[in-house]
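Protein chains in written order, with this note's numbering: chain A, 9 to 94; chain B, 9 to 94; chain C, 37 to 199; chain D, 37 to 199.
The set of hints was computed from the structure by calculation and includes no laboratory data. Where a beta carbon is used, it is the ideal one built from N, C-alpha and C, also for glycine. Incorrect hints may have been included.
Now the stretches of chain B that chain C is said to cover, found in silico as 3 or more residues with beta-carbon under 8 Å [as the list claims (entries may be wrong)]:
no., region
1, 9-15
2, 77-88
Computed beta-carbon distance windows for the label pairs [to be verified]:
no., chain 1, residue 1, chain 2, residue 2, range
3, D, Ala52, C, Gly119, 14 to 22 Å
4, D, Gly165, C, Pro89, 52 to 60 Å
5, C, Glu43, B, Glu25, 36 to 44 Å
Residue-level listing of the chains:
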Amino acid sequence: MKLLYFAWLRDRVGKSEETVNLPASVTTVGQLTAWLARQSDGHAAAFDDPIGVHCAVNQEFARDDVPVGPDDEVAFFPPVTGGWGG
Amino acid sequence: MKLLYFAWLRDRVGKSEETVNLPASVTTVGQLTAWLARQSDGHAAAFDDPIGVHCAVNQEFARDDVPVGPDDEVAFFPPVTGGWGG
Amino acid sequence: MIKVQSEDFDTGAELAALSRGRPEVGAVASFIGLVRDVAGSGELSAMTLEHYPGMTEKQLAQLEAEALARWPLDQVLIIHRYGRLLPGDQIVLCAATSRHRQAAFEACAFLMDWLKTKAPFWKLEEVNGESNWVAARQDDDDAAARWQTDQSSSKKNDVPETE
Amino acid sequence: MIKVQSEDFDTGAELAALSRGRPEVGAVASFIGLVRDVAGSGELSAMTLEHYPGMTEKQLAQLEAEALARWPLDQVLIIHRYGRLLPGDQIVLCAATSRHRQAAFEACAFLMDWLKTKAPFWKLEEVNGESNWVAARQDDDDAAARWQTDQSSSKKNDVPETE
Numbered sequence: 009m010k011l012l013y014f015a016w017l018r019d020r021v022g023k024s025e026e027t028v029n030l031p032a033s034v035t036t037v038g039q040l041t042a043w044l045a046r047q048s049d050g051h052a053a054a055f056d057d058p059i060g061v062h063c064a065v066n067q068e069f070a071r072d073d074v075p076v077g078p079d080d081e082v083a084f085f086p087p088v089t090g091g092w093g094g
Numbered sequence: 009m010k011l012l013y014f015a016w017l018r019d020r021v022g023k024s025e026e027t028v029n030l031p032a033s034v035t036t037v038g039q040l041t042a043w044l045a046r047q048s049d050g051h052a053a054a055f056d057d058p059i060g061v062h063c064a065v066n067q068e069f070a071r072d073d074v075p076v077g078p079d080d081e082v083a084f085f086p087p088v089t090g091g092w093g094g
Numbered sequence: 037m038i039k040v041q042s043e044d045f046d047t048g049a050e051l052a053a054l055s056r057g058r059p060e061v062g063a064v065a066s067f068i069g070l071v072r073d074v075a076g077s078g079e080l081s082a083m084t085l086e087h088y089p090g091m092t093e094k095q096l097a098q099l100e101a102e103a104l105a106r107w108p109l110d111q112v113l114i115i116h117r118y119g120r121l122l123p124g125d126q127i128v129l130c131a132a133t134s135r136h137r138q139a140a141f142e143a144c145a146f147l148m149d150w151l152k153t154k155a156p157f158w159k160l161e162e163v164n165g166e167s168n169w170v171a172a173r174q175d176d177d178d179a180a181a182r183w184q185t186d187q188s189s190s191k192k193n194d195v196p197e198t199e
Numbered sequence: 037m038i039k040v041q042s043e044d045f046d047t048g049a050e051l052a053a054l055s056r057g058r059p060e061v062g063a064v065a066s067f068i069g070l071v072r073d074v075a076g077s078g079e080l081s082a083m084t085l086e087h088y089p090g091m092t093e094k095q096l097a098q099l100e101a102e103a104l105a106r107w108p109l110d111q112v113l114i115i116h117r118y119g120r121l122l123p124g125d126q127i128v129l130c131a132a133t134s135r136h137r138q139a140a141f142e143a144c145a146f147l148m149d150w151l152k153t154k155a156p157f158w159k160l161e162e163v164n165g166e167s168n169w170v171a172a173r174q175d176d177d178d179a180a181a182r183w184q185t186d187q188s189s190s191k192k193n194d195v196p197e198t199e
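Only chain A is shown next, with the shape it has when bound in the complex (with noise of 0.2 Å):
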């Protein structure tokens, strides 16, 4: 499975994506998100708090719940911010 890090998120694991094999035991995001935790340190800084991560399956914002699998493409980002100042 491909996975994308953005923002204090990729700072904190340390890279923008990598490619993991899952457990089978791993079929939601929030299965993925407890079982990233476990990965290294640094996964664990950024996932420590699952409050504030939010994730996207192909791309389409995805709560816990969502069915994740070997093909899909999951990023893991903080809430979105908006650019500008007003």
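Given chain A, work out where chains B, C and D should sit, using these hints.
Frame of chain A, contents of chains B, C and D only:
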């Protein structure tokens, strides 16, 4: 008193401005409108339906009870219609 | 800033000038009004905008001052043309700048609604070879009325509500 | 029309192109967002906008389609920049064209509110020599929520309301 006419009021009166000497009995916009309606057939046509006639005294919108005097600039015009299509 | 003119305006240059050198401005809301070729019936070939020179500038300056008083704005711009215009021509540009988008948007919508009912412009449409003065529209009065405050509706010299 | 780009845009040319050859358009409402030099504390020297290429275009296209479905519009334009920007730089241009001003204004305000909460952009501010990721603001969520319909709030893949 200086009078100005705009849009179809000007077309009906037949001129864009005129200077008139008011009788002493004319002291408000409403009295002026009634007096003007008797000055010519064109004036009568213009002031025929006072509901459709708006007035400004010294470039401020004015109701019938606003006072007018010899030194005022008084304008009559239809309801404003803005410019653009939207 | 108020400009009443017959010549066309350069929207990009006008909007850029509003925020130049004012880095606290984050939001520029604007509106351009164009001549539509759809008249009440038939095809519009041109329209002539007549106005009341002097009163127009005075009313627009009051409108600008009211917008600046009601919203936390940095600047207000109103450019309104008069004279003979063709379909697709620019007629009016309104803009409001602010730190925040909400104030800029609301002020800009306010300016446009009030321009339709408070600025002394009259529209002569040329349709199928005939020239006709356009009548006022009730929905424009309604749009302006939503901005009415108790204070301003009691002003003696205001536009009569029943006309 | 959607454009996601690092280069600057020409507001006047973009707006003019929206109504060119479309004489039924009477109203062009637009909004420009600029980099403000007022950060949370201290002085902003620059900001870098990161985005999620691919998803950004997809989300903006959905946003455009939703605006076109909700209001009687002729066209929608969204231009959003990414990369490193300086105070005063243009970041975003939204525009909506319509026969009537109300639809154009509402659609434009809708686009801006949703851009703040639905488009995958993240802002890194450089303040007093330090770079910090900007946190999401509750009032932006509130502004977007006012456009929420019952239908869209029940979508499974929508942004969770509690985050």
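Against the structure, the hints come out as follows:
Only when three residues or more bring their CB closer than 8 Å to a CB of chain C does the claim for the region 9-15 of chain B stand; here the count is 3, and the claim holds. Only residues whose beta carbon comes within less than 8 Å of a beta carbon in chain C count, and the region 77-88 of chain B has 5; three or more means the coverage holds. Checked against the hint of 14 to 22 Å, the C-beta distance between Ala52 (chain D) and Gly119 (chain C) comes to roughly 20 Å, which is consistent with it. At about 56 Å, the CB distance of Gly165 (chain D) to Pro89 (chain C) agrees with the hint of 52 to 60 Å.
Between Glu43 (chain C) and Glu25 (chain B) the C-beta distance comes to about 25 Å, which lies outside the given range of 36 to 44 Å.
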